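Chain B: place on chain A using the hints.
Heads up: the sequence lines are chains A and B, in that order. Number 393 in my numbering belongs to position 393 of the first sequence; there are no gaps in the numbering. So the mapping is simple: my numbering equals the position in the second sequence, first residue as 1, plus 454.
Hints in this document: simulated from the structure, not taken from any laboratory. Every value quoted in this text rests on a predicted model; they were computed, and no experiment measured them. Do not rely on the hints blindly, as some may be mistaken.
Pulled a few chain A residues facing chain B out of the computed Cβ check, cut under 8 angstroms [claimed, not checked]: (1) T36; (2) G81; (3) K168; (4) L169; (5) K172; (6) I329; (7) F331; (8) N334.
Positions of the beta carbon are idealized from the N, C-alpha and C atoms, including for glycine.
Here are the chains, one letter per residue:
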Amino acid sequence: MTRIKQGSIQKKEPRSVIRVYPQGLRESVISFPNNTMNQQQATIESERCLQCYDSPCTVACPTHIDIPTFIGMIRSGNVIGAAEVVKTSNALANTCGKICPEEIFCQSVCTRAKQDSPIQIRELHFYATQMESRKGFSRLKVFSTIDGAVAVIGAGPAGLSCAFELTKLGHKVDVYEKDGIGGVPRNSIPSFRLANDELESDTNFLSRFFKTRKEDVNARLFEEIRHHHKAIFLAVGLGVDRPIGIPGERLKGVLPVLQFLHKAKIQPSVLSIGDRVVIIGGGNVSLDAAATAKRLGAESVVLIYRRSESEMRVWKSELNEARRQGVEIRFLTNPVAIVGKSEISGVMCRHTRLSKEKDESGRRVPVELKGSDFVIDADTVIVAIGQSVEAEWLEGFERTENGYVKVNKNFHTSVSGVFAGGDMVAGEGTIVQAVANGKQAAHTIHEHVSKKLR
Amino acid sequence: MDKIKEPSMYSTRDLSYDFLGIHFENPFILAAAPSTDNLDMVRRAFRAGWAGAILKTTSVEGTKVDLCYPMMSSFDHEGRKLFGMGNIDLISEHHIDKVEYNVRMLKKEFPHKMVAASIMAGRKEDWQSLVERLEKTGVDMIECSFSCPQGNIGEDPGKMLAQSISATELTARWVKEATKKIPISIKITPHVTDIVEVARAVKRSGCDALTASNSIQALMGIDIRSFAPNPNLGGKSTYSGMTGPAIKPITLRTIAEIARNVDISILGTGGASNWSDAVEFMAVGAGVVEFCTVVMHYGFRVITDLKSGMSHYLDEMRFSSPKDIVRKALPNLAMHDELPRRTVRSHIDKKLCIGCEVCYIACQDGGHMAIDRGSNRIPDVDQEKCVGCGLCQHVCPVDSCIGMQVAA
Chain A
1 MTRIKQGSIQ KKEPRSVIRV YPQGLRESVI SFPNNTMNQQ QATIESERCL
51 QCYDSPCTVA CPTHIDIPTF IGMIRSGNVI GAAEVVKTSN ALANTCGKIC
101 PEEIFCQSVC TRAKQDSPIQ IRELHFYATQ MESRKGFSRL KVFSTIDGAV
151 AVIGAGPAGL SCAFELTKLG HKVDVYEKDG IGGVPRNSIP SFRLANDELE
201 SDTNFLSRFF KTRKEDVNAR LFEEIRHHHK AIFLAVGLGV DRPIGIPGER
251 LKGVLPVLQF LHKAKIQPSV LSIGDRVVII GGGNVSLDAA ATAKRLGAES
301 VVLIYRRSES EMRVWKSELN EARRQGVEIR FLTNPVAIVG KSEISGVMCR
351 HTRLSKEKDE SGRRVPVELK GSDFVIDADT VIVAIGQSVE AEWLEGFERT
401 ENGYVKVNKN FHTSVSGVFA GGDMVAGEGT IVQAVANGKQ AAHTIHEHVS
451 KKLR
Chain B
455 MDKIKEPSMY STRDLSYDFL GIHFENPFIL AAAPSTDNLD MVRRAFRAGW
505 AGAILKTTSV EGTKVDLCYP MMSSFDHEGR KLFGMGNIDL ISEHHIDKVE
555 YNVRMLKKEF PHKMVAASIM AGRKEDWQSL VERLEKTGVD MIECSFSCPQ
605 GNIGEDPGKM LAQSISATEL TARWVKEATK KIPISIKITP HVTDIVEVAR
655 AVKRSGCDAL TASNSIQALM GIDIRSFAPN PNLGGKSTYS GMTGPAIKPI
705 TLRTIAEIAR NVDISILGTG GASNWSDAVE FMAVGAGVVE FCTVVMHYGF
755 RVITDLKSGM SHYLDEMRFS SPKDIVRKAL PNLAMHDELP RRTVRSHIDK
805 KLCIGCEVCY IACQDGGHMA IDRGSNRIPD VDQEKCVGCG LCQHVCPVDS
855 CIGMQVAA
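Isolated chain A (complex conformation) (with noise of 0.2 angstroms):
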């Protein structure tokens, strides 16, 4: 239908013109940010969809959003319906559409894939969930109440996404949280990856919906947390920089790598790394360290991994951009000391070879070469081997082999009415793993909850 046009163009000609267009105005003149579809690139798109059955998209996704029925949405102009499937089954959604890496998940799974290329379902996701966030969030059923609260502690994906599904089921939540919702989201993913309002999209949903306390959880609090509530889900992270342990690691100059990438998203004008940088690690977050090094001005950043690259776990987007954006990759290296006299000079590394054994994670294990001793040059070296969970309250709770809390299927840790879940538990992972989890949790936990009722 002809519909008169009415929109931004109209505002600079005179009054008396008018402009008709088939489609009315439709959004595509709105662009967003970040090379977000427009509404006729997702219409395109969602029209390729092949609406399997039994979709293993929905399967291959942690917290297997109905992605056929939210395309077919898209298709059909619904948009708004379309975010809702995507947030019925993701809290995170917003956060999730931007930064998802659907390469291991739903995208990697697509039967179209199999005739030419897979749907771009992340951006279809993302459109959906940011045409709701300019629209205006759905409104919610009523949930039912049950009687007690449940408290969650740490506000990250797993935290949010398990209070989120808590109230759903009825639960009132208190959320314990020392820093501003959000987790590692909010403090240590690059603003060029996940920009402050994409996050708050979802944050600014999801607090409405339980109580936040900005507290720092220490035994005190904790036994007093446990006494007034039903139960207890643990989603803290990983907020401990592993220590590297070679020498030089305490001069002016090395960084966690946590610090690092908090800082140059608060504050990154006090934030001076020079013009040599070097990142130890070969990791997804590594990467993250390293491009946002570059994008503050280093001129040469060299990133030192002691395996080689089919060791690496990281996401191929991610390696290939930071390739594109010129970091140096340098493999088979390991670091064994870091130079300099007050301020850091370079860092000595030595040579390694990959031996046929394989350690528990599966890998080959690296082996240094005698004699191979070189320097890099550096200004500055950002260490990225990994976090572990540390903090006293926790003494008690039962841990794996690698140091994070040990739960069982349930989600429930080594002491009695406390779950856990998200990185804690399982290490570095992706955001939407976390989600998973504390979803899971949740539902578990309102079992746990109800039998004590009853």
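Just chain B now, with coordinates in the frame of chain A:
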């Protein structure tokens, strides 16, 4: 088994309203077709959320249903599957006893759903006995097929009942006479010289509604190597009844033309595939909308989007009920000589233009040679030559790039 879905956390909007004295949970019902010929299929459809179903057309005892296979064919338009769907299907093979049983079971299990039967016959006594038998089962409505495009049962083979004004009126009268209280709808064909005359005949007969309209008689395609038409039955074929997105504009016109001229309820069907199509059907006068092809393509699950899309549309438009949509567009339909005569010119948004120059070619070879190549492949509209025909904006691949500018 259908997949288990997470329960929705959103408040759902009431889409229910009354039409023809029947309560509809929402405006979406299943048309008489293979999807409604089996009790389990209709059960699944109802559980999925469909408001009602018209069971596949049945006839009198002893009528042999002489089917042949394959019966389906597709009009694939440049890569899009089932842009139009053809069938050479006939009525249900189920005996009338079976249809009566299905109605009874469905009304018992789903008392709040609309269950209708569709019938077709030749002789007066056959029409009337079908109505009498079905009404006793508790059926909510009866739809009479006056327009099956192939294998019609009637005195004039090859011709549809609804193509004769007098036969339509007479037969509709027989049906209405035999009915005690349920509404009767006559399913008509757009293959007539004047649809309004047919609608008036139905109105005169006393029947309650029209179902507009049946499939479009079509030849679905020819294999250009073997010269076998589609669907290919050993090299031979016949004309199909075509449905699906391709026929939507034809149905829209049919519904609108009836609604503008005859005061009678309309069940819209023929080419609606989503909620916005349904809104369009209702805006030109349909009270509810029947679906078939989209369900045969994608399954009963499409009801989820139909309901969700309709709910959000009603919210956006601040309508209180789907009924508010009905006839909304009719005041805007006019005769050609009543349309405004204004100065219209094409306007290309140079910021949105991607430089394909498709509009240039179209205007050169199909318009008024009013688009110049401009510079850097961004075309210019010659304001002197442009008459405002609008061709350019329909060939433009970019949404909202070319607008027709009108001096208000």
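Each hint tested on the structure:
no.: 1; hint: T36; in the structure: violated, 15 angstroms
no.: 2; hint: G81; in the structure: holds, 4 angstroms
no.: 3; hint: K168; in the structure: holds, 6 angstroms
no.: 4; hint: L169; in the structure: violated, 10 angstroms
no.: 5; hint: K172; in the structure: violated, 17 angstroms
no.: 6; hint: I329; in the structure: violated, 37 angstroms
no.: 7; hint: F331; in the structure: violated, 42 angstroms
no.: 8; hint: N334; in the structure: violated, 47 angstroms
Hints 1, 4, 5, 6, 7, 8, counting from the list given before, are not met by this structure.
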